[in-house]
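Colleague: In order, the protein sequence lines correspond to chains A and B.
Sequential numbering of the first sequence, starting at 1, is according to our numbering.
Sequential numbering of the second sequence, starting at 1, is according to our numbering.
What the hints contain is simulated information worked out from the structure, not anything from laboratory work.
Built from N, CA and C at the ideal position, the CB exists for glycine as well.
Incorrect hints may appear among the rest.
To be verified - Example chain A residues on the side facing chain B (calculated, C-beta under 8 Å, incomplete): (1) Gly16; (2) Ser57; (3) Ala97; (4) Lys187.
As a plain string of letters, each chain reads:
Number of protein chains: 2
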Amino acid sequence: MTGPDLSGSVDMTHGGGGRAMMELIRDIFLRHLSNPILDRGDDAGLVEAPAGRLVMSTDSHVISPLFFPGGDIGSLCVHGTINDLAMMGAQPHYLTAGFILEEGFPLADLDRIVASMARAASAAGVQVISGDTKVVERGKGDGVFITTAGLGVVKDGLNLSAANARPGQAILVSGTMGDHGVAVLSKRENLEFETEIRSDSAALHGLVADMVAATPRIAVMRDPTRGGLAATLNEIASAAAVGMALDEAQIPVSPDVAAACELLGLDPLNTANEGKLIALCPAEDAGRLLDTMRAHPLGRAAAIIGEVTGEPSCLVQMKTAFGGTRIVDWIAGEQLPRIC
Amino acid sequence: MTGPDLSGSVDMTHGGGGRAMMELIRDIFLRHLSNPILDRGDDAGLVEAPAGRLVMSTDSHVISPLFFPGGDIGSLCVHGTINDLAMMGAQPHYLTAGFILEEGFPLADLDRIVASMARAASAAGVQVISGDTKVVERGKGDGVFITTAGLGVVKDGLNLSAANARPGQAILVSGTMGDHGVAVLSKRENLEFETEIRSDSAALHGLVADMVAATPRIAVMRDPTRGGLAATLNEIASAAAVGMALDEAQIPVSPDVAAACELLGLDPLNTANEGKLIALCPAEDAGRLLDTMRAHPLGRAAAIIGEVTGEPSCLVQMKTAFGGTRIVDWIAGEQLPRIC
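From just these sequences and the hints, can you work out the full model?
Modeller: This is the structure we're talking about:
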């Protein structure tokens with residue numbers, strides 16, 4: 001059997017609730033994402049409630065460009081929502097996806113994106129169980145925006161929250177900082193480096209499962225996406241009214257990313273990641289947690305980068321490589337628009 | 001305490017993951033939607049799993065204009081997702097919301113929309129437990145798009161699905177057809193009618209709860225949104241490989257909407273609804289179901305409009321008011337773009 005004809009582009013009829021929309025759903029969405037729940041074609045996906053507490057999350061994805069080294073908006077929207085669930089310690093189970101398509105967007109590109117979503121979902125063991133498609137006129141969107149929502153289950157006894165940060169806890173990261181932001185910006189600006197810098201986009205729930213099994217006392221997990229490590233640590237510091245003391249020499253940054261950041265005027269600590277996490281745990285558990293992280297393919301470059309302090313003004317401070325101390329602040333403006 | 005300063009507009013920093021985004025979340029989203037789950041500020045909302053089977057659904061909303069008689073994108077996105085859950089017979093519990101904002105969108109309008117979401121959610125007894133905000137450059141979006149996802153619970157024993165349609169079942173609608181589409185189009189085109197036509201946008205789960213309690217043998221429920229009654233009945237007919245025979249004289253259409261449709265060249269049966277449902281049930285239950293629907297404020301104009309047939313080509317046919325028969329088809333193109 002040959003596939004459907006995907007030589008055309010999205011037009012307004014694809015959002016009209018009529019026959020053209022049904023064909024789009026059949027030829028692209030169901031062809032790639034098919035599963036018994038989605039295939040029923042009902043208004044919502046019906047599933048057996050898994051045992052445990054539920055977590056639910058959503059992310060809208062407006063990344064530009066849509067395709068970049070190491071991923072595309074399709075894989076990114078799956079990984080992004082899985083990671084939000086994973087940061088609560090959850091096992092992700094189900095996703096929904098809402099597509100906002102711009103008139104004129106090539107069907108072949110949409111097909112490629114949905115195929116990538118399907119691969120990412122399958123690799124992560126999650127199913128897309130319900131979806132929606134809207135079309136906006138040319139110039140009222142930008143190719144495709146995808147909003148995913150996810151449902152996962154947390155084991156009893158596990159309570160991860162930014163509010164759990166306490167002085168004395170160790171701060172760990174699972175790997176190098178800034179890869180995603182630099183990869184996307186390089187592609188957007190058509191920059192070429194000697195080695196291609198690839199996004200770290202990845203689903204982190206497997207790493208998280210190993211971590212919570214080894215160290216049930218993990219207090220906080222977060223993925224440092226928009227705004228990078230700096231924004232995420234400041235968020236945690238604000239939420240729990242604590243300070244942080246980092247050691248710059250311990251923060252992993254790949255030499256290629258460091259060089260690209262230098263050239264682009266970026267700080268890797270403000271630059272987005274899509275396959276890394278930050279974890280806070282009691283100091284006495286830090287060594288074991290680090291070993292567990294390093295034993296997982298997505299945590300090989302994990303490091304202990306500092307500790308939580310009782311510093312009353314909730315600042316994130318860093319001992320620099322030159323022996324000084326600087327404040328690691330949120331960026332005031334937007335360093336990199338549309339990075340996810 | 002005076003409220004936050006909302007005299008400005010959305011700029012790219014509001015999507016950057018930094019301080020401006022945190023302030024937007026605090027001043028608009030949390031101010032209106034606050035609840036203990038959302039207020040934790042984690043990457044996902046954590047809830048106790050309610051007993052029963054779960055349903056999950058999503059809808060992206062790109063309606064234009066954003067404000068229309070009878071509602072706005074804020075109330076619509078809450079009602080739309082609740083209704084998708086309700087059509088599975090579910091009690092809705094939780095929503096997530098992903099916002100895609102266009103640079104330059106007035107903060108005061110965003111505030112009005114989020115306030116409207118909050119009122120709709122509160123009235124319906126659901127909580128928004130997680131959200132996300134992205135910003136795109138001017139000309140890459142259109143004010144605001146909102147994608148909601150919802151989680152609900154279905155009682156054991158209840159199995160509603162389009163695939164359950166069987167010859168002999170009665171077809172009921174809960175009220176007049178076409179109100180939403182005509183209301184939005186009138187506003188978009190600046191048309192004035194003697195009486196203002198208002199959208200029927202409403203949350204239908206209360207009506208549904210009464211219906212399934214009175215008539216547990218309901219086989220199918222659907223809300224006839226985009227594409228109207230015609231598209232929804234054709235979808236059901238295709239899914240279950242059945243035909244349908246309608247009686248035009250029984251299909252409720254308000255005189256104002258009928259007159260406006262005449263003027264605008266629309267067919268009320270192809271025109272969107274946002275607070276109406278279609279139900280299929282065994283013929284012997286139809287009278288009781290009709291009584292139950294009419295006893296609910298959102299079902300006062302309910303009617304039995306036809307029956308499912310074994311007609312092998314899966315056509316939806318209608319006895320017209322003039323005594324002839326016509327086929328009620330999907331519309332081929334898009335009658336009304338961006339109606340939801």
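Colleague: Taking the hints in turn, state whether each one holds.
Modeller: Hints, verified against the model:
no.: 1; hint: Gly16; in the structure: holds (3 Å)
no.: 2; hint: Ser57; in the structure: holds (3 Å)
no.: 3; hint: Ala97; in the structure: holds (7 Å)
no.: 4; hint: Lys187; in the structure: violated (17 Å)
The structure fails hint 4 only (numbered hints given earlier).
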